[in-house]
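The listed protein sequences derive, respectively, from chains A and B. According to this note's numbering, the stretch in the first sequence is residues 56 to 885, in order. According to this note's numbering, the stretch in the second sequence is residues 139 to 330, in order.
Quick caveat, the hints were computed from the structure, so don't treat them as lab data. Fair warning: there could be bad hints in the mix.
Which bits of chain A does chain B cover? Going by a derived footprint, with three or more residues having C-beta under 8 Å, they are [claimed, not checked]:
(1) 406-419
(2) 758-765
(3) 811-819
Only a predicted model underlies this, so the values are computations on that prediction, with no experimental measurement involved. The C-beta atom is built at its ideal place from N, Cα and C for all residues, glycine as well.
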Amino acid sequence: MTNGWVDIRNTDMMLIMGGNPAENHPCGFKWAIEAKRQRNAQMIVVDPRFTRTAATADMFLQIRAGADIAFLGGVLRYAIENQRVAKEYLVNFTNAAFIVNENFKLPEDGLFSGFNETTKTYDRSTWNYDSADHIQPAAGAPAALPANISMDPTLEHPRCVYQLLKQQYSRYTPEVVERITGIPKDQFLKAADLFTSIRRDGAMTMTATIIYAVGWTQHSFGTQIIRTAAMLQLLLGNVGRAGGGVNALRGHSNIQGATDVAGIFDNLPGYLKVPIPADKDFDGWMARITTKPAKPHDWDSFNYWSNTPKFAVSLLKAMYGDAAKKENGWAYDYLPKVDREYSWAHIFDDMYKGHVKGLIAFGMNAVAIGPNSSKNIDALKKADFLVVCDIYPEETSDFWKSPGVSPEEMKKIPTEVYRLPGAGFAEKDGTFVNSARWLQWKWAAVPPPGDAKLDQEILARIFLKVRELYRKEGGQFPDPILNLSWNYTIPENPSLAEVARELNGRALADVEDKASGQIVKAGQQVPGFAFLRDDGSTLCGNWIWSGSWPEAGPLMQRRVPDDPSGLGIHPGWGWSWPMNRRVLYNRASCDVAGKPWDPSRKQIWWSEGAKKWVGNDVPDFKADSPPKDHMGPFIMNPEGVGRLFAPLAAFADGPFPEFYEPMESPIANPLHPARSNNPVVKKYTSEMDKYGTPAEGYTIVCTTYRLTEHYHYWTKNNPMNVQLVPEPFVELPAELAADLGIKGGDHVKVTSARSFYLAKAMVTRRIRPMTIDGKKVYQIGIPIHFGYRGIQEDLGKTSRSLTNSLSPTVTDPNSYTPEFKGFLVKVEKA
Amino acid sequence: MDVTRRAFLRAGNGAIVASALGFNLHRAYAQSRQLKIARTTETRSTCPYCSVSCGIIIHTLGDKAKNVTPQVVHVEGDPDHPINRGTLCPKGSSLYQDILNERRLLKPQVRRPGSDHWEDIPWDQAFEEVARHIKKTRDETFIATDSQGRRVNRCESIAWNGGCTDTNEFNYLVVKTMRSLGVTYLENQARV
Numbered sequence: 056m057t058n059g060w061v062d063i064r065n066t067d068m069m070l071i072m073g074g075n076p077a078e079n080h081p082c083g084f085k086w087a088i089e090a091k092r093q094r095n096a097q098m099i100v101v102d103p104r105f106t107r108t109a110a111t112a113d114m115f116l117q118i119r120a121g122a123d124i125a126f127l128g129g130v131l132r133y134a135i136e137n138q139r140v141a142k143e144y145l146v147n148f149t150n151a152a153f154i155v156n157e158n159f160k161l162p163e164d165g166l167f168s169g170f171n172e173t174t175k176t177y178d179r180s181t182w183n184y185d186s187a188d189h190i191q192p193a194a195g196a197p198a199a200l201p202a203n204i205s206m207d208p209t210l211e212h213p214r215c216v217y218q219l220l221k222q223q224y225s226r227y228t229p230e231v232v233e234r235i236t237g238i239p240k241d242q243f244l245k246a247a248d249l250f251t252s253i254r255r256d257g258a259m260t261m262t263a264t265i266i267y268a269v270g271w272t273q274h275s276f277g278t279q280i281i282r283t284a285a286m287l288q289l290l291l292g293n294v295g296r297a298g299g300g301v302n303a304l305r306g307h308s309n310i311q312g313a314t315d316v317a318g319i320f321d322n323l324p325g326y327l328k329v330p331i332p333a334d335k336d337f338d339g340w341m342a343r344i345t346t347k348p349a350k351p352h353d354w355d356s357f358n359y360w361s362n363t364p365k366f367a368v369s370l371l372k373a374m375y376g377d378a379a380k381k382e383n384g385w386a387y388d389y390l391p392k393v394d395r396e397y398s399w400a401h402i403f404d405d406m407y408k409g410h411v412k413g414l415i416a417f418g419m420n421a422v423a424i425g426p427n428s429s430k431n432i433d434a435l436k437k438a439d440f441l442v443v444c445d446i447y448p449e450e451t452s453d454f455w456k457s458p459g460v461s462p463e464e465m466k467k468i469p470t471e472v473y474r475l476p477g478a479g480f481a482e483k484d485g486t487f488v489n490s491a492r493w494l495q496w497k498w499a500a501v502p503p504p505g506d507a508k509l510d511q512e513i514l515a516r517i518f519l520k521v522r523e524l525y526r527k528e529g530g531q532f533p534d535p536i537l538n539l540s541w542n543y544t545i546p547e548n549p550s551l552a553e554v555a556r557e558l559n560g561r562a563l564a565d566v567e568d569k570a571s572g573q574i575v576k577a578g579q580q581v582p583g584f585a586f587l588r589d590d591g592s593t594l595c596g597n598w599i600w601s602g603s604w605p606e607a608g609p610l611m612q613r614r615v616p617d618d619p620s621g622l623g624i625h626p627g628w629g630w631s632w633p634m635n636r637r638v639l640y641n642r643a644s645c646d647v648a649g650k651p652w653d654p655s656r657k658q659i660w661w662s663e664g665a666k667k668w669v670g671n672d673v674p675d676f677k678a679d680s681p682p683k684d685h686m687g688p689f690i691m692n693p694e695g696v697g698r699l700f701a702p703l704a705a706f707a708d709g710p711f712p713e714f715y716e717p718m719e720s721p722i723a724n725p726l727h728p729a730r731s732n733n734p735v736v737k738k739y740t741s742e743m744d745k746y747g748t749p750a751e752g753y754t755i756v757c758t759t760y761r762l763t764e765h766y767h768y769w770t771k772n773n774p775m776n777v778q779l780v781p782e783p784f785v786e787l788p789a790e791l792a793a794d795l796g797i798k799g800g801d802h803v804k805v806t807s808a809r810s811f812y813l814a815k816a817m818v819t820r821r822i823r824p825m826t827i828d829g830k831k832v833y834q835i836g837i838p839i840h841f842g843y844r845g846i847q848e849d850l851g852k853t854s855r856s857l858t859n860s861l862s863p864t865v866t867d868p869n870s871y872t873p874e875f876k877g878f879l880v881k882v883e884k885a
Numbered sequence: 139m140d141v142t143r144r145a146f147l148r149a150g151n152g153a154i155v156a157s158a159l160g161f162n163l164h165r166a167y168a169q170s171r172q173l174k175i176a177r178t179t180e181t182r183s184t185c186p187y188c189s190v191s192c193g194i195i196i197h198t199l200g201d202k203a204k205n206v207t208p209q210v211v212h213v214e215g216d217p218d219h220p221i222n223r224g225t226l227c228p229k230g231s232s233l234y235q236d237i238l239n240e241r242r243l244l245k246p247q248v249r250r251p252g253s254d255h256w257e258d259i260p261w262d263q264a265f266e267e268v269a270r271h272i273k274k275t276r277d278e279t280f281i282a283t284d285s286q287g288r289r290v291n292r293c294e295s296i297a298w299n300g301g302c303t304d305t306n307e308f309n310y311l312v313v314k315t316m317r318s319l320g321v322t323y324l325e326n327q328a329r330v
């Protein structure tokens with residue numbers, strides 16, 4: 056979230072799409088209701104199903120799963136056509152005025168400029184701005200943003216971002232929106248009018264928020280859906296403002312934290328990009344990932360990523376201590392170099408092909424999570440070893456006795472499986488990061504039951520045992536293993552408080568902040584990331600969390616419930632990254648002169664007397680940069696402004712979002728039938744990876760979803776939740792059920808090109824038949840929560856099949872998230 | 139004075155009841171509701187399910203002295219928490235049964251290659267064997283340099299899957315250890 060849960064109550068307008076917070080984030084959804092009650096905020100819900108969120112909305116539109124970019128692109132067009140835009144914000148805080156390279160081409164035929172048909176990738180060098188100095192990049196040099204960007208503040212230049220944006224979405228007419236999304240033109244126009252009404256006649260006081268969850272991320276173009284939303288919010292001047300923003304609800308208690316600390320292949324903690332083989336050494340790596348300011352001459356840009364080397368050196372000092380020295384490039388060699396995709400779906404593809412031989416899964420049920428669960432099961436059958444740490448028996452550790460495995464086959468499964476009992480949440484302390492970026496400490500209430508152990512003890516003891524083996528026996532490149540900094544008081548069971556202090560960072564030599572004259576003595580906790588250094592005098596495990604545990608103590612343990620400003624900021628509750636700023640980019644809550652757009656919701660403002668930015672929130676900005684310097688509010692972009700056009704390598708599939716069909720789709724893309732799918736998305740090629748078509752009888756659009764009463768594959772072990780929803784079901788439109796002669800409670804079989812799923816029918820009017828490009832199309836929905844281990848499963852009261860045995864292995868080219876929504880199936884009575 | 143049970147209840151907070159019995163029952167009712175958690179220790183925690191981060195209070199009996207194992211008797215929403223303000227959803231409301239659950243795994247087990255059953259294994263042996271698997275696999279498949287002779291130091295044959303309720307601190311220990319082993323297949327629920 057750019058904003059936060061309580062902040063939703065500040066909004067005047069909500070677009071909730073790709074998420075169902077009333078059912079999946081019930082206790083956070085109260086703030087949306089609060090906005091309706093206290094501010095008369097309007098709520099628009101767009102979803103394939105009439106959810107309980109939709110039931111509270113002022114307007115509900117049923118959309119075909121995966122058609123979101125067409126809808127949002129239509130709203131962009133509507134806003135531009137009707138001048139419902141935030142002109143001053145647009146010109147000064149976004150790249151709307153920047154001039155784009157003359158060789159850049161919009162995707163009228165489905166392709167942007169630079170597509171390579173053989174590699175299915177783009178040469179993105181034309182996706183760039185023009186240099187105001189007319190400097191051409193040197194031949195062979197890597198493409199870079201021009202230092203001095205050409206611009207036209209009148210927004211009239213035919214190649215300025217605003218004009219290209221207008222041209223790009225001119226094709227997304229209400230008629231086209233209707234053909235693609237199935238939303239009747241008149242309903243679409245009402246929704247577009249309502250949402251953009253906050254900018255009627257250029258008024259700037261009101262704000263709108265966009266709220267989404269995995270209904271947007273889980274597509275082969277998920278990142279671009281979210282980008283379309285972000286662009287709409289920039290166009291309307293809603294980012295950085297109370298009650299505005301682009302708000303990812305996120306699905307789980309600590310996946311925001313896992314993303315921040317980079318439990319994922321393509322980042323290091325704090326969103327540092329991983330080194331690649333082409334980076335010759337530490338300096339080469341830094342040269343590639345440290346951004347240089349690129350802006351119009353008269354504007355200023357903070358370009359905060361210019362500090363990248365300070366964060367990277369401090370991380371390597373935290374990881375390798377004295378072994379990380381200037382002479383060895385801070386132990387740069389110790390880090391693995393990543394040159395291709397190693398994402399979730401690839402793990403199981405490469406395990407299926409025999410390359411990945413061992414898997415360690417801590418609290419992660421890969422078989423149930425999918426996609427293409429049967430492939431994941433078959434992949435595990437080829438592994439040498441599997442280590443599962445969990446609190447309940449689950450599908451992954453039991454894969455070798457999953458339904459369909461015969462006693463003969465079982466004998467041939469060579470995998471050695473260790474099932475280690477870990478600790479539940481109440482038994483562990485440590486911090487979670489919620490979707491509003493709040494770090495909150497939790498305390499352990501009870502010890503783990505039986506012989507179960509704390510997860511950190513299990514990991515530490517495995518690692519220390521591996522280290523002991525390398526110390527005794529030697530082996531391949533043991534240096535990083537032997538030199539890993541592990542100076543915890545109890546090495547076999549590190550205290551998470553000690554680890555949290557390391558994440559905050561401390562000085563290894565005296566460090567002085569030049570601006571304030573403040574000195575941090577060697578050994579002291581640093582007050583924040585501004586004190587981190589690139590000379591080895593500081594260590595810090597994750598720079599964006601620096602400031603969470605300064606000398607004063609653990610700020611994420613604070614419990615001051617007060618809200619002095621009344622804006623839901625709660626500055627003394629927990630701690631939010633970065634530096635306790637509660638709304639990101641909050642400089643944009645003020646006009647160019649530094650005055651709040653809405654005097655009744657003052658977040659921060661420029662104080663001419665104090666010569667700095669002050670306010671109710673912590674300024675997410677250079678505190679002493681006066682408005683006259685025109686520094687951009689989007690300090691993490693080298694341009695300093697929000698990107699309506701995302702230049703160069705920002706995205707794999709286009710600098711503007713374009714609508715593409717899901718990998719399996721009932722129709723050819725009406726915009727460009729010859730380029731129906733996202734052109735850079737690659738299909739997987741194993742014999743387990745099949746993709747279905749309407750011609751083969753797969754004509755029904757299927758979306759997976761979650762229930763209020765269940766949590767992933769976890770609460771099927773909990774008697775109370777099982778009592779509430781005891782068995783799996785398939786939600787079918789009444790008209791489809793009538794066509795097939797199915798009544799509620801009948802057993803049905805859902806089949807995709809990959810596998811099948813068996814459950815009872817839940818016949819409903821919550822999903823209506825749709826007309827998509829002139830064709831009648833049915834959608835169905837399947838909750839994901841069941842499997843072959845659980846209370847009901849073990850009693851034989853379910854079919855013991857997995858929803859994700861249906862979903863395809865195909866992923867978004869930017870986020871690598873699989874397409875769990877909007878694939879094709881057929882349905883029959885079982 | 140003859141008071142039927144129904145009339146007694148209907149009288150509610152009226153003075154009749156108080157005067158008839160000579161004392162105010164209200165305090166007694168409040169007292170009986172409190173008893174369950176009157177002597178418990180309150181531990182502040184965060185719901186492990188969705189990302190709203192509802193504050194919860196775990197009530198335990200047992201005074202946290204050495205050799206005393208506290209027993210969870212009640213879990214409720216934290217009324218001080220600025221986001222959930224004491225409320226919980228159907229999942230949060232059943233957390234008590236997540237903590238005290240007879241299906242919990244209580245001892246380490248192993249399924250040997252080709253076997254059709256789980257067998258118990260002592261922790262120390264499990265650590266030894268897992269460490270041996272990791273070292274053997276890593277040593278056999280380690281990629282020190284790529285086809286162009288560039289130093290890459292990758293272990294592509296072992297993958298890590300991290301879960302959604304792993305804490306920040308634990309996840310950081312994962313990054314430290316797995317990156318040091320050279321693991322590139324490092325993934326988490328955050329992706330999916």
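Status of each hint after checking the structure:
| no. | hint | verdict |
| --- | --- | --- |
| 1 | 406-419 | holds (count 11) |
| 2 | 758-765 | holds (count 3) |
| 3 | 811-819 | violated (count 0) |
The structure does not agree with numbered hint 3 stated previously, though it agrees with all others.
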